[in-house]
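Top line first, the protein sequences correspond to chains W, D, P and E. Residue numbering for the first sequence follows our numbering, starting at 31 and increasing by one per position. Residue numbering for the second sequence follows our numbering, starting at 31 and increasing by one per position. Residue numbering for the third sequence follows our numbering, starting at 31 and increasing by one per position. Residue numbering for the fourth sequence follows our numbering, starting at 31 and increasing by one per position.
Don't take each hint at face value.
Identical copies look the same in the list; a pair holds intra-copy or inter-copy alike.
Straight line, CA to CA, 20 Å or less: simulated SDA-like cross-link-like pairs of lysine to any residue [said to hold, decoys possible]: (1) 35 <-> 155; (2) 249 <-> 61; (3) 179 <-> 33; (4) 193 <-> 248; (5) 193 <-> 249; (6) 77 <-> 179; (7) 331 <-> 154.
Derived from the structure by calculation, the hints contain no laboratory data.
Protein chains: 4
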Amino acid sequence: MYSFKNDYSEGAHSRILNALVETNLEQTDGYGTDQYTERSVNLLKKKIDREEVDIHLLVGGTQVNLTAISAFLRPHQAAIGADTSHINCHETGAIEATGHKVITMRTKDGKLTPNLIQNVVDSHSDEHMVQPKLVYISNSTELGTLYTKAELIDLHDCCKRNKLLLYLDGARLGAALVAEENDLTLADIAKLVDAFYIGGTKNGALFGEALVICNDELKEDFRYFIKQKGGLLAKGRLLGIQFEELFKDDLYFELAKHANKMALMLKGAIVNEGYKFLTESFTNQQFPIFPNNLIEKLSEKYSFNIERVIDSNYTAIRLVTSWATKEEIVLEFIEDLHL
Amino acid sequence: MYSFKNDYSEGAHSRILNALVETNLEQTDGYGTDQYTERSVNLLKKKIDREEVDIHLLVGGTQVNLTAISAFLRPHQAAIGADTSHINCHETGAIEATGHKVITMRTKDGKLTPNLIQNVVDSHSDEHMVQPKLVYISNSTELGTLYTKAELIDLHDCCKRNKLLLYLDGARLGAALVAEENDLTLADIAKLVDAFYIGGTKNGALFGEALVICNDELKEDFRYFIKQKGGLLAKGRLLGIQFEELFKDDLYFELAKHANKMALMLKGAIVNEGYKFLTESFTNQQFPIFPNNLIEKLSEKYSFNIERVIDSNYTAIRLVTSWATKEEIVLEFIEDLHL
Amino acid sequence: MYSFKNDYSEGAHSRILNALVETNLEQTDGYGTDQYTERSVNLLKKKIDREEVDIHLLVGGTQVNLTAISAFLRPHQAAIGADTSHINCHETGAIEATGHKVITMRTKDGKLTPNLIQNVVDSHSDEHMVQPKLVYISNSTELGTLYTKAELIDLHDCCKRNKLLLYLDGARLGAALVAEENDLTLADIAKLVDAFYIGGTKNGALFGEALVICNDELKEDFRYFIKQKGGLLAKGRLLGIQFEELFKDDLYFELAKHANKMALMLKGAIVNEGYKFLTESFTNQQFPIFPNNLIEKLSEKYSFNIERVIDSNYTAIRLVTSWATKEEIVLEFIEDLHL
Amino acid sequence: MYSFKNDYSEGAHSRILNALVETNLEQTDGYGTDQYTERSVNLLKKKIDREEVDIHLLVGGTQVNLTAISAFLRPHQAAIGADTSHINCHETGAIEATGHKVITMRTKDGKLTPNLIQNVVDSHSDEHMVQPKLVYISNSTELGTLYTKAELIDLHDCCKRNKLLLYLDGARLGAALVAEENDLTLADIAKLVDAFYIGGTKNGALFGEALVICNDELKEDFRYFIKQKGGLLAKGRLLGIQFEELFKDDLYFELAKHANKMALMLKGAIVNEGYKFLTESFTNQQFPIFPNNLIEKLSEKYSFNIERVIDSNYTAIRLVTSWATKEEIVLEFIEDLHL
């Protein structure tokens with residue numbers, strides 16, 4: 031049984047493990063005050079091409095989202111997100127547990143638009159309602175789709191006009207940035223959003239997400255929030271070592287390219303077989319709509335998640351590839367597509 | 031300028047004020063441990079025809095909702111409500127501020143159905159999502175509509191099947207219970223829901239809502255929650271005195287009848303003029319759809335709220351009557367409907 | 031049985047009730063947007079001698095404390111208070127329920143000093159600890175004691191040096207301001223603290239506390255917090271009418287003077303009998319230390335609370351007088367002191 | 031510069047790293063549903079000698095404490111702890127951030143007693159105060175001290191009598207259990223407390239704490255809380271692999287023995303030099319009181335934390351040893367004690 035369920039089924043890329051082994055017996059200070067964390071943060075700042083951002087390394091994505099969003103908002107303020115957004119669907123109400131509403135809206139493809147946001151702002155007029163304050167987007171989205179540079183600029187402008195913060199969840203930012211259709215860079219993103227994170231867990235690290243705070247007003251006392259929410263790793267060096275390895279050359283991007291390449295091989299073959307997709311994805315998550323008997327057959331050899339029931343005969347599944355996906359398995363899967 | 035904006039524009043019915051004046055210089059214990067509170071609670075238990083319920087008197091509706099719902103839920107559990115529900119729209123995220131998500135869905139008329147609830151339950155399958163636990167309904171609803179006894183039984187059964195709590199917001203319960211189309215009694219409601227409240231603020235009291243906890247498992251330590259949320263009124267007698275006056279005979283219902291009667295006079299005339307309504311309401315909130323020039327004209331003499339823009343020519347407004355609405359003003363308004 | 035248990039055993043002063051009766055059938059807008067609220071706020075601003083403060087009228091003291099303190103603090107920040115402070119002892123963890131630690135310290139007399147505060151600040155050095163941010167004091171204190179102008183200036187200076195907010199709970203501010211030993215005015219307080227409230231519930235109103243926000247940085251969006259915490263009274267006029275009546279002349283101060291006068295009559299007699307006190311109070315709370323057999327005897331005719339067991343023979347009780355305390359009862363109590 | 035600042039200065043024991051390397055490319059399910067987690071949980075249940083406990087593996091101690099305590103308490107309930115307890119001092123108000131007060135009291139040695147607890151219970155009498163519900167202890171304590179079996183039985187009995195939950199923070203449980211003076215076993219603890227955790231971070235793991243829930247009533251839906259608080263590690267296997275390695279034989283205890291042995295070497299030498307200690311510790315944290323000039327000298331070669339200033343000449347420092355502490359460094363330090 032080979033798993034296409036997610037991009038965190040294996041451990042870490044061997045270079046990361048090696049780096050952990052090599053540095054293992056050095057003594058460092060705790061809680062991210064070590065030299066590895068410092069070096070990785072400096073590396074990231076160079077990649078982002080902005081020295082003045084603040085960067086914090088945390089263990090996981092839900093942890094980053096709840097820590098950042100609750101730190102950025104005052105108690106009466108709310109986040110805005112797609113109804114498919116991770117903070118709405120798959121974080122067990124983590125944002126609400128910190129006291130904040132998530133205002134959601136339907137989208138076709140998991141992407142927010144200035145129009146959708148403006149409608150939310152316009153319909154929240156007084157103190158009997160929450161105050162929309164932070165726009166949450168993910169890139170690539172939970173449906174595998176991408177924001178273009180033009181779209182991100184439009185969102186940025188809409189947020190500025192409405193005094194909203196723009197926050198980008200980059201759990202799968204690697205896959206987004208190396209997609210062929212992408213025209214955004216890390217530097218672009220850092221100019222256009224107030225904060226974002228660069229996901230390591232789903233792109234070759236054992237764990238780790240790098241939160242980048244671009245807006246000066248959001249920086250103060252941020253380490254307090256990490257500690258209070260339980261996210262300050264005692265051996266913080268483990269995060270620093272991993273991010274240094276991912277970014278000291280282009281390992282991060284190479285890993286993401288492999289994941290996308292495997293996904294596009296799957297996509298090409300599925301298209302050739304005449305099947306449709308729930309969304310058009312150029313990244314490492316693909317959502318083909320298969321007849322149920324094909325799904326049954328594939329389930330004997332491969333594990334994957336059901337995304338949505340389309341009708342009584344067809345179902346959309348989710349196939350996820352990663353830095354560790356083996357090409358021979360992808361080829362075998364493609365063979366198995368023939369009923 | 032006469033206001034149809036809400037049912038809390040005036041003070042209180044004169045009998046209530048008189049009762050406050052007459053008892054004013056008596057000494058009582060604080061925080062609802064006085065004899066007036068005790069007597070009013072006993073009166074309410076008789077009206078409800080259940081001795082074993084717990085009843086707590088609080089000042090306002092948002093206070094009741096946030097106190098009760100946060101007391102009834104564990105941290106990972108969520109409330110389910112219509113997207114038009116008061117807890118979703120007009121309480122500034124009060125429920126979320128206590129840590130709980132409000133899962134919302136579209137409805138035609140502000141009413142939930144077993145189907146809508148079952149869909150929510152079925153789509154929340156594991157610990158990556160909140161656990162739906164409490165169904166929030168209001169009666170009459172925010173759109174003036176009513177639940178029938180059959181509908182409430184169906185909701186009750188759906189909740190039992192799914193181990194959900196059923197909570198009824200009765201801010202306008204008086205108007206609901208005396209509506210001609212109503213077939214529910216206080217005793218019915220107390221049998222079918224886990225908790226509900228009987229609204230005083232919008233039916234002739236200066237302020238005051240009586241929370242009735244029917245489910246034994248929800249009763250423990252409830253006064254702690256009222257105090258912690260800032261809702262334990264020092265001079266708790268003020269609530270007891272008012273509810274005693276409202277329920278020692280049928281004043282509560284008489285006041286609601288007047289409000290509904292005034293509303294139905296408006297409704298009848300509006301129907302006669304050929305206008306449509308956003309919802310079919312038999313209670314003291316009416317949502318006629320008027321041409322904009324009529325609205326402009328009416329606005330010169332009457333104040334009311336805009337509910338929804340229908341198109342470039344038509345807009346739905348909200349007209350609210352109360353125990354204090356004067357019949358001569360209603361007649362005058364009806365006259366003014368002729369353009 | 032006559033009660034000296036608290037200063038909220040009766041209803042309201044007759045002038046307040048009259049004002050409510052007279053205005054009862056007028057229509058006003060809801061939620062404190064009415065003309066009575068506006069007029070009372072303007073009156074208060076004049077009494078305070080600062081036009082630019084923001085004033086909000088709420089129903090009760092715990093509600094004010096939890097709403098204000100949670101609005102003023104960011105999530106990692108804590109309040110500092112005496113261990114006898116109301117927010118620490120008698121609000122069921124209301125502040126913690128909004129997410130904030132209350133750092134407490136022992137005091138002799140319920141009063142904080144710059145030294146005590148500085149110790150707290152100095153021992154909270156990094157992000158592994160909460161950040162002390164708001165100093166909570168009450169005047170008169172929970173033990174009946176007073177802050178002098180010099181002491182309040184020192185606290186103000188200490189707070190400024192340490193970038194702390196100074197918040198004064200004025201549940202019994204009337205009794206403090208009219209005490210013979212007092213040298214503070216409302217205007218002084220408004221210059222020296224960031225926010226405070228003027229208590230109505232314990233000084234002749236049915237209910238009502240006027241929160242005064244002096245620090246501009248704390249003003250933004252405050253009505254959102256009141257609504258979210260359930261404290262926005264639908265018939266907000268009830269608060270406005272009461273505060274207008276209390277402050278349109280000096281009723282507020284006259285009522286407090288009566289309360290203090292009754293307390294000092296008690297105090298004088300108790301001193302004459304040779305008994306000691308837990309604290310030296312010049313206000314309407316007195317804490318005499320009585321032999322247990324005297325307490326037993328007094329308990330037959332009067333109700334009051336036990337404050338603290340001193341030893342096997344002596345106990346400190348709390349006697350509270352109010353605007354409504356009858357002089358003949360005080361004289362009778364004094365007679366009854368003779369064993 | 032050699033660090034005695036803490037027991038998490040290095041990475042992990044080599045066997046743990048090897049296990050991570052060997053299993054690295056296997057595919058497993060996420061979020062702790064993998065076979066390694068299952069196996070390690072089963073191993074732990076055997077060591078604890080209770081099959082029916084629930085065990086959850088989390089990344090860090092603050093995360094465990096805040097997740098467990100907020101899951102176990104209802105909103106009005108509070109934890110009781112020593113004023114030196116980690117949840118009070120060094121978790122940035124994490125417990126309060128989940129809404130719960132931590133009631134603290136002074137102790138000599140960081141240990142709670144039934145008397146101290148009973149005093150807290152007795153002084154919290156009604157709904158105006160929080161309800162004490164959970165007793166938090168740590169073993170070894172933050173001051174290096176230990177609970178004996180008799181003491182833990184007494185605490186257990188006190189908690190049962192008062193319907194309190196007993197929770198043991200085992201961040202340094204290894205050091206406690208292998209101390210010569212210890213007479214407790216894992217099985218004893220699991221019988222006497224409602225929940226506890228076995229710390230990995232400070233005893234040879236890269237990270238990881240195993241929360242053991244013994245009380246059936248606390249088990250339900252616990253994974254929801256972990257997810258909501260951001261503690262559900264995507265690659266949960268990393269925790270399972272580490273705990274399996276630590277407990278498949280006695281590695282966990284061997285590592286703790288080494289740490290204690292190094293600490294007792296330090297202690298013996300310090301005693302020989304005639305210095306006193308802040309507390310009597312038999313575990314891997316020692317708190318010698320040194321003259322300031324000795325501290326200055328030692329600081330040139332060793333890093334450590336200041337615990338408390340004793341007087342103008344003497345200061346208590348904290349020396350922490352670990353599984354990785356080198357004996358030759360300890361011997362060198364001992365040499366350096368001679369001024």
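- Message: Regarding residue 179 and residue 33, is the shortest C-alpha distance of 20 Å or less found within a copy, between copies, in both, or in neither?
- Response: The answer is neither: 33 Å in one copy and 48 Å across copies each exceed 20 Å.
- 20 Å Cα threshold - placement of residue 248 relative to residue 193: both (14 Å within a copy, 19 Å between copies)
- Is the C-alpha distance from residue 331 to residue 154 at most 20 Å within one copy, between copies, in both cases, or in neither? neither (50 Å within a copy, 27 Å between copies)
- Query: Is it within, between, both or neither when you check residue 193 against residue 249 at 20 Å Cα-Cα?
  - Reply: Result: close both inside a copy and across copies, 17 Å intra and 18 Å inter.
- Item | Homo-oligomer pair classification [residue 155, residue 35; C-alpha up to 20 Å] | Cα proximity of residue 35 and residue 155: across copies only (17 Å, versus 42 Å in one copy).
- Task: Could you place residue 77 and residue 179 in one of the four classes (within, between, both, neither) given a Cα distance threshold of 20 Å?
- Result: within (18 Å within a copy, 56 Å between copies)
- Task: Tell me, please, which holds for residue 249 and residue 61 at an alpha-carbon limit of 20 Å: within, between, both or neither?
- Result: within (18 Å within a copy, 31 Å between copies)
In terms of the numbered hints stated before, the structure departs from hints 3, 7, listed from lowest to highest.
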